[in-house]
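Between the sequences and the hints, there should be enough to build the whole structure, so can you do that?
Line by line, the protein sequences give chains A and B.
According to my numbering, the first sequence is numbered sequentially starting from 83.
According to my numbering, the second sequence is numbered sequentially starting from 275.
Hints should not be assumed to be uniformly reliable.
What the hints assert, rightly or not - Residues on chain B that point at chain A, a partial pick, calculated with CB under 7 Å:
| # | residue |
| --- | --- |
| 1 | L501 |
| 2 | V503 |
| 3 | Q504 |
| 4 | G718 |
| 5 | L719 |
| 6 | E722 |
| 7 | S724 |
| 8 | P757 |
| 9 | L759 |
| 10 | G760 |
| 11 | A761 |
| 12 | Y763 |
| 13 | C768 |
| 14 | V772 |
These are calculated hints, taken from the structure and not from any lab test.
For glycine and all other residues, C-beta sits at the position ideal for the given N, C-alpha and C.
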Amino acid sequence: MRSAAITRPTQRFRRLSLRLRVVKVPALRGVRVRSPRRGRGARVVIFSFLVAVVLLHGAVVLMMDVVWPRLRDPEYGLRVAALQQRLREYPQRPLVLAIGNSRTAMGIRPEAWEAVRPGTPNDPLLFNMAIVGSGPILELLTLRRVYADGFRPDLVLLEYWPPFLRQDGEFGEAARFDPRRLRWSDRATIRSYYPNAAAVERRMWLTRLNAISDNRQSLLIQTDDDWFPRPWRINGNWVDLDPWGWLPGMDPAPQDVATRRRLIEHQRPFAIDRFQGHTIHPESDRAIREAVALVRAQGAEVALVYLPESAEYQSWYPPDVEHAACAHLATLCRELGVPVINTRDWMDECYLADGFHLSRIGATLFTARLGPVMAELLGPSGKRP
Amino acid sequence: MSFALWAHTTVASAAPSYESEFAYFRWLHELLPAPFFHTQPFLVFLAGVLVAYWMIPRRWMMARIWLLVVASFHFYAAWSYELAFLVTGTTIADYLFGRCMGLTNRPRLRRAILLSSIGMNLGILCYFKYRGFFLNELYEALVTLGYSPSFAPLDPLTIIIPFGISFYTFEAISYAVDVYTRKIEPEKSLPRFLLFILFFPHLVAGPIVRAGDFLRQTRRPKRWNWLRVQVGVQLFLIGAFKKMAIADRMALFCDPVLSHPEAYNSVAMWFAVLAYSVRIYCDFSGYSDMAIGAAHLLGYKLTMNFNMPYLAVNVSDFWRRWHISLSTWLRDYVFIPLGGSRGSRWLNYRNLMITMTLGGLWHGAAWGYIVWGVAHGALLVIHKQFQFFCHDKPRLTAFLETALGTGLRIFVTFFCVSMCWVLFQPQLSQALVVFSKLFYIQPGLRLEMSNQSLWATVIFLLVCQWLVRSGLWAKISARMPAPVLGAGYAVCLCTALVLAPANSSTFIYFQF
Numbered sequence: 083m084r085s086a087a088i089t090r091p092t093q094r095f096r097r098l099s100l101r102l103r104v105v106k107v108p109a110l111r112g113v114r115v116r117s118p119r120r121g122r123g124a125r126v127v128i129f130s131f132l133v134a135v136v137l138l139h140g141a142v143v144l145m146m147d148v149v150w151p152r153l154r155d156p157e158y159g160l161r162v163a164a165l166q167q168r169l170r171e172y173p174q175r176p177l178v179l180a181i182g183n184s185r186t187a188m189g190i191r192p193e194a195w196e197a198v199r200p201g202t203p204n205d206p207l208l209f210n211m212a213i214v215g216s217g218p219i220l221e222l223l224t225l226r227r228v229y230a231d232g233f234r235p236d237l238v239l240l241e242y243w244p245p246f247l248r249q250d251g252e253f254g255e256a257a258r259f260d261p262r263r264l265r266w267s268d269r270a271t272i273r274s275y276y277p278n279a280a281a282v283e284r285r286m287w288l289t290r291l292n293a294i295s296d297n298r299q300s301l302l303i304q305t306d307d308d309w310f311p312r313p314w315r316i317n318g319n320w321v322d323l324d325p326w327g328w329l330p331g332m333d334p335a336p337q338d339v340a341t342r343r344r345l346i347e348h349q350r351p352f353a354i355d356r357f358q359g360h361t362i363h364p365e366s367d368r369a370i371r372e373a374v375a376l377v378r379a380q381g382a383e384v385a386l387v388y389l390p391e392s393a394e395y396q397s398w399y400p401p402d403v404e405h406a407a408c409a410h411l412a413t414l415c416r417e418l419g420v421p422v423i424n425t426r427d428w429m430d431e432c433y434l435a436d437g438f439h440l441s442r443i444g445a446t447l448f449t450a451r452l453g454p455v456m457a458e459l460l461g462p463s464g465k466r467p
Numbered sequence: 275m276s277f278a279l280w281a282h283t284t285v286a287s288a289a290p291s292y293e294s295e296f297a298y299f300r301w302l303h304e305l306l307p308a309p310f311f312h313t314q315p316f317l318v319f320l321a322g323v324l325v326a327y328w329m330i331p332r333r334w335m336m337a338r339i340w341l342l343v344v345a346s347f348h349f350y351a352a353w354s355y356e357l358a359f360l361v362t363g364t365t366i367a368d369y370l371f372g373r374c375m376g377l378t379n380r381p382r383l384r385r386a387i388l389l390s391s392i393g394m395n396l397g398i399l400c401y402f403k404y405r406g407f408f409l410n411e412l413y414e415a416l417v418t419l420g421y422s423p424s425f426a427p428l429d430p431l432t433i434i435i436p437f438g439i440s441f442y443t444f445e446a447i448s449y450a451v452d453v454y455t456r457k458i459e460p461e462k463s464l465p466r467f468l469l470f471i472l473f474f475p476h477l478v479a480g481p482i483v484r485a486g487d488f489l490r491q492t493r494r495p496k497r498w499n500w501l502r503v504q505v506g507v508q509l510f511l512i513g514a515f516k517k518m519a520i521a522d523r524m525a526l527f528c529d530p531v532l533s534h535p536e537a538y539n540s541v542a543m544w545f546a547v548l549a550y551s552v553r554i555y556c557d558f559s560g561y562s563d564m565a566i567g568a569a570h571l572l573g574y575k576l577t578m579n580f581n582m583p584y585l586a587v588n589v590s591d592f593w594r595r596w597h598i599s600l601s602t603w604l605r606d607y608v609f610i611p612l613g614g615s616r617g618s619r620w621l622n623y624r625n626l627m628i629t630m631t632l633g634g635l636w637h638g639a640a641w642g643y644i645v646w647g648v649a650h651g652a653l654l655v656i657h658k659q660f661q662f663f664c665h666d667k668p669r670l671t672a673f674l675e676t677a678l679g680t681g682l683r684i685f686v687t688f689f690c691v692s693m694c695w696v697l698f699q700p701q702l703s704q705a706l707v708v709f710s711k712l713f714y715i716q717p718g719l720r721l722e723m724s725n726q727s728l729w730a731t732v733i734f735l736l737v738c739q740w741l742v743r744s745g746l747w748a749k750i751s752a753r754m755p756a757p758v759l760g761a762g763y764a765v766c767l768c769t770a771l772v773l774a775p776a777n778s779s780t781f782i783y784f785q786f
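Put into structure tokens, the structure is as follows:
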């Protein structure tokens, strides 16, 4: 008798309604006043909730991967937007892209070249496309992205820096690059070079399945960085980018010896750690060769650039590492026939903030000096000599 | 697990290590690293339990109960399997005490069994939660008196406190007392009793459920009901939003300031106290909402724990709205046995002070919590006195009943409660620094973040509470088409996901 009574829907809902009435949860008031027929409505609510959650996640994935890909990797995406703007302003000038790590990002200031260039229509249009933390693999990845995005540089300056030719363990490039920034099109490079390619691809899938939660910090900080306390802000690599892709770096004045000393001492243990057991990984070598081949296949010129280091920083290189790096660079130069712009000793140490990153003034002076060399590589017509 | 952000709000305690355990429990810990409802591993766990639970045919009621018991045990064991066995063991002991009480009518024996049950539960609580505090205080006192104690002080960071210990201890005590007073019959079914104590939605931080209420529900056949699912989902989402989007955001404002109050200026301190008041409410009530919502999804109804406490018009009203399951427990098992409101006014005040001091001690083994309880007791006494004062002043009473008077009373109550929150921390010296900064203008660092989002959150919360209190939300939601309501839930969830800070993982009331 009892079970028969319970199964009658009207009584059942009334009973539940009475029970819910006891729970004076304010937000439930809407539920309480509903008629028993709202049971069907509740089912619709739940299904529409689930569908809307899936759709919202899908919308975020679509937004980050198709509509505004710069949301996924703002450091690269903002540079792409800036480069498009520069190309609209100077459509005829031959394009030179500098690709490298933070040393290039902070050290090559195209605006400085703009200030000193001769002013001919064939002056190279230098743009900084460096990504912080890049070694040869990420440089190749950036290069592939550049071509995939439709840019056709006439000259590519690839940074060559021995400490980042290591790929073992924590020194590998995979450890320095957040997989949430990877695009689908990057998978070819990952499969070819990452030691843990399957895990990275799985992470890429997860970051898309869990699009809102996993990318929330990046999305929110791109909307309004005031939402985070300063130490939490992850936009240091892109928030101050100038219209030419240059990332203003540390800014100790040339005469401020104390600050530079503090910065150098901060870097010393990391550098020594990096040089301990250092070997040039075959994958790094392969990535450099593939990048050179890719640029040449696109009919452009490529050069390797060794950016400045202070004498003190150079002294931290163990002799065998120094020797191996010189030999490797010479081999690349000989076998690939690629020009090397060795600027390692170009700048006085007062222009190097921490021994291997150019200060803001240093970047200005350095780029003004690099510009003519770069122009010479292109020749007077702006194309390969 | 990082405890740094909330160290100032709770008793510092250690997290269990997982280095030398069984592989099964290590694996379990990897699956469910933290017992927090707003984490994605918990959602996966809950989804798995829900699917398994509702797939068991209705007539296999005991199988469903066993499933929930096993799931709850695993929920605890994922954090610490030793403590999971401890909790299960004490629960079985409580069950046996109850059965023994039911088997005899001899008052002395029943009393002895009751005292044994209470002694065991309080003994375990004291061992884990209060041992460090009392031993360290004793050590300090002996040193001050010139003695050299033969024991060393305990580092609070080395003591592992089983999570939810205060909650399930009170549940077990209330069960023993209710059986002793014959309010309820002793539970005969062990799995049902295990579920009463171990039920994972209320295990971490309540609400404190009563045996009479919960055990009755375990006998009721559970049917899938879409309306109930909607209620559960809605509550869970509201709770998740409060926790992730509001409480954790407020923590970004208040934690750095309250951790180092000496470094910040007075304005930052006022903002931090405001943010902390909002945070603790949204953190705990959000957790309770999620617990009640999760229980609803399994067909169980837990007691309401919060009812817009910051809209309380006086401190007595506040305690009728804040942590209701605790305040009613204290009322029923401490205040009324002490004499309650019977007897003289001063006796009543004494009972209030004792009850609130014990309430403070329940929160944590530190002077800050005790003083917090004493402060609330004092506020309750002051309110009673004020009521007597207003008794023969009809004009004043009439003014206080007006909209302006009500607003004023709400503000004063909120102010007093917020000031008491300053005391709600282990270190009393920190609280004194905060008070000195609040009431004596001092320079120092400013807030690290712009206070716009703090104001936006406070205003949003006020608007929500006003919508609910005025009944407008009831009208709006009742007329809202079901798909729109469902989409609204989705937007609520996604907004919470976006706004949640990157490293939010703990609840303030965790380990109370």
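Evaluation of the provided hints:
For L501 of chain B, the interface hint holds, since its Cβ comes within 7 Å of a Cβ in chain A; the closest pair sits about 4 Å apart. Nearest Cβ of chain A to the Cβ of V503 of chain B: about 6 Å, under the 7 Å cut. The hint holds. Look at Q504 of chain B: its Cβ gets to within about 4 Å of chain A, closer than 7 Å, so that hint holds up. Contact between G718 of chain B and chain A, as hinted, is not supported at the beta carbon level, the nearest pair being about 16 Å apart and thus beyond 7 Å.
With a cut of 7 Å, the hint placing L719 of chain B at the interface with chain A is violated, because the nearest CB-to-CB distance is about 12 Å. Evaluation of the E722 of chain B hint against chain A yields a held restraint, the C-beta minimum of about 4 Å falling below 7 Å. This hint holds: S724 of chain B has a C-beta 4 Å from the nearest C-beta of chain A, less than the 7 Å allowed. The beta carbon of P757 of chain B is positioned within 7 Å of a beta carbon in chain A (closest approach about 4 Å), and the interface hint is therefore held.
For L759 of chain B, the shortest C-beta to C-beta distance to chain A is roughly 5 Å, which falls under 7 Å, so the interface hint holds. A cut of 7 Å between beta carbons decides the hint on G760 of chain B: the least distance to chain A is about 3 Å, and the hint holds. Given the 7 Å rule on beta carbons, the hint for A761 of chain B holds: about 4 Å separates it from the nearest Cβ of chain A. Of the supplied interface hints, the one on Y763 of chain B holds, with its beta-carbon coming within about 4 Å of a beta-carbon of chain A, less than 7 Å.
The closest approach between the C-beta of C768 of chain B and any C-beta of chain A is roughly 5 Å, which is under the 7 Å cut-off, so the hint is satisfied. Here the hint on V772 of chain B is kept, as its CB sits about 5 Å from the closest CB of chain A, short of 7 Å.
The structure shown violates the earlier hints numbered 4 and 5.
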